[in-house]
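Residues per chain are reported as follows:
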Amino acid sequence: EADIYQTPRYLVIGTGKKITLECSQTMGHDKMYWYQQDPGMELHLIHYSYGVNSTEKGDLSSESTVSRIRTEHFPLTLESARPSHTSQYLCASSEVGDSGGYTFGSGTRLTVV
Amino acid sequence: QKEVEQNSGPLSVPEGAIASLNCTYSDRGSQSFFWYRQYSGKSPELIMSIYSNGDKEDGRFTAQLNKASQYVSLLIRDSQPSDSATYLCAVNMPGYSTLTFGKGTMLLVSP
Chain W
1 EADIYQTPRY
11 LVIGTGKKIT
21 LECSQTMGHD
31 KMYWYQQDPG
41 MELHLIHYSY
51 GVNSTEKGDL
61 SSESTVSRIR
71 TEHFPLTLES
81 ARPSHTSQYL
91 CASSEVGDSG
101 GYTFGSGTRL
111 TVV
Chain H
1001 QKEVEQNSGP
1011 LSVPEGAIAS
1021 LNCTYSDRGS
1031 QSFFWYRQYS
1041 GKSPELIMSI
1051 YSNGDKEDGR
1061 FTAQLNKASQ
1071 YVSLLIRDSQ
1081 PSDSATYLCA
1091 VNMPGYSTLT
1101 FGKGTMLLVS
1111 P
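Chains as they are written, first to last, in our numbering: chain W, 1 to 113; chain H, 1001 to 1111.
Okay, chain W solo, but in the shape it has when bound (with noise of 0.2 Å):
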């Protein structure tokens, strides 16, 4: 069945670990996007890829990169972590031009203590 998958899908980690959060997908959509949130609040854009060697930064980019080797998969990493990372990671996709709206992975929630 196609879908798209995060990993893991709760992650507590020290302050200064790098960190690598993962996103596959089997739909063959070209591209993907990574979102960051908090509960209860806003859905804020981190990076997004149109394809294969292709990253674009969002509103939230500054502390993590992202890169796009092969059209299923889309990690994110994180540096340094620091508390200020505590969050819910969201992964989704869609096909080129968005008509279809994006189909969203479950979420990695992290914790930096």
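Hints are computed from structural coordinates only; laboratory data are not their basis.
Treat each hint with caution, since some may be false.
As the list claims (entries may be wrong) - Heads up, simulated EDC-like pairs for lysine to aspartate or glutamate below, C-alpha to C-alpha not over 16 Å straight-line:
no.: 1; chain 1: H; residue 1: K1042; chain 2: H; residue 2: E1015
no.: 2; chain 1: H; residue 1: K1103; chain 2: W; residue 2: E95
no.: 3; chain 1: H; residue 1: K1002; chain 2: W; residue 2: D59
no.: 4; chain 1: H; residue 1: K1042; chain 2: W; residue 2: D59
no.: 5; chain 1: H; residue 1: K1103; chain 2: W; residue 2: E42
The model shown is predicted, which means the values in this text are computed figures rather than measured ones.
Using the hints, position chain H against chain W.
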């Protein structure tokens, strides 16, 4: 400046009533409109998309689009407690690479 505006709520309705959720957007040239449902602690789930003026019905859900007035609404008939969630409006605005999301309206359906 791109804007998608939603009343944050909460919108409280009794079980069985019609819930009406509204969304306005800033760019008259926008073409695609989406409604997402997000349960607390979960990810957004696409429930409706609409591209043309008028109504689009899917089960208990009806999306209404009025491009001249720049608003899109979502009606939920026979509201159930399980409909309690935050509803996000998203718009595909010309010239922008990503969907613009509103902040969402919280809906509470009481038994």
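Hints not upheld, ascending by number: When the structure is compared with the hints, numbers 1, 2, 4 turn out to be violated.
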